[in-house]
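Undergrad: Sequence:
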Amino acid sequence: IVICNPNNPTGYNYSENEMQELKEIILKHNLYLFADEAYREFTYESKQYSAMHLTGVENNVVLMDTISKRYSACGARIGAFVTKNKQLIDATMKFAQMRLCSPYLEQLAGEAAIDLPPDYFDITKAEYKKRRDLIVKRLNAMDDVYCPNPGGAFYAMAKLPIDDSDAFCQGFLESFEYNNQTVMLAPATGFYGTKGLGLQEVRLAYVLNTDDINKAMDCLEQALKIYPNRKV
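Taking this note's numbering, the leading residue of the sequence shown gets 1, the next gets one more, and so forth.
Check each hint, because a few of them may be wrong.
[To be verified] Lysine to aspartate or glutamate pairs mimicking EDC-like chemistry, simulated, CA-CA at most 20 Å apart:
(1) Lys47 to Glu21
(2) Lys159 to Asp144
(3) Lys28 to Glu41
(4) Lys137 to Glu58
(5) Lys47 to Asp65
(6) Lys137 to Asp212
(7) Lys28 to Glu58
(8) Lys86 to Glu127
(9) Lys125 to Asp164
(10) Lys195 to Asp163
(11) Lys125 to Glu41
(12) Lys130 to Glu45
(13) Lys47 to Asp122
(14) Lys47 to Glu127
(15) Lys125 to Glu221
(16) Lys159 to Asp218
(17) Lys195 to Asp164
(18) Lys130 to Glu16
(19) Lys159 to Glu221
(20) Lys225 to Glu174
(21) Lys159 to Asp122
(22) Lys137 to Asp218
(23) Lys130 to Glu21
(24) Lys215 to Glu127
(25) Lys125 to Asp115
(26) Lys129 to Glu58
(27) Lys125 to Glu45
(28) Lys129 to Asp119
(29) Lys137 to Glu127
(30) Lys225 to Asp164
(31) Lys47 to Glu16
Hints are computed from structural coordinates only; laboratory data are not their basis.
As the structure is a computational prediction, the values presented were derived from the model and not from experiment.
Using the sequences plus the hints, can you model the full thing?
TA: Next up, the structure:
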């Protein structure tokens, strides 16, 4: 089982009860849980419950982490593979024996990043929460748009009155502008394993400042008003 907690693309934050339910499935079927927890510091209403807190399945849990999201260093290939399973560690080390091109600069940056002051995450979380609250409020104020409140990370998934999110996102980027600006969205179809799902959904990343988020929402609202295949 592979999970991302908090989740990309939805921003969903798994509760302790949900993690315990996963534990029971793992025990019943002797499965492994691979937990991507790259956004674990960025939760808002409730704390993230790490897979490493699950008891009785220590040898079946693997935590994956990275500096890229935590320190806004997207693309930096510095991370960790954490498990108490000795066999998995030994197998992983075989693949880690050779590095053709180690990310030297990213290693230096990562070393500096972990020495940031303790209030770094408090300040960063407060800013992301402000952006999240704004983008969710703006989206839900638009006609026929619905966006649930994400509990973590810095993504929001919104349902729009459209019929093809791939075509909408491409056309929005290539052919539409408002006040000489446009917005790049991610069609949700790429996040589903089932064909046909996500056609009315898009993912938004609230990584811009609040002024730019407001401009982006103005632009999206205008684009939806003239979208030829608008669905209600």
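Undergrad: Any hints from earlier that this structure breaks? Give me their numbers in increasing order, please.
TA: Violated hints (numbers, rising): 3, 4, 8, 9, 15, 18, 21, 23 and 26; every other hint is consistent with the structure.
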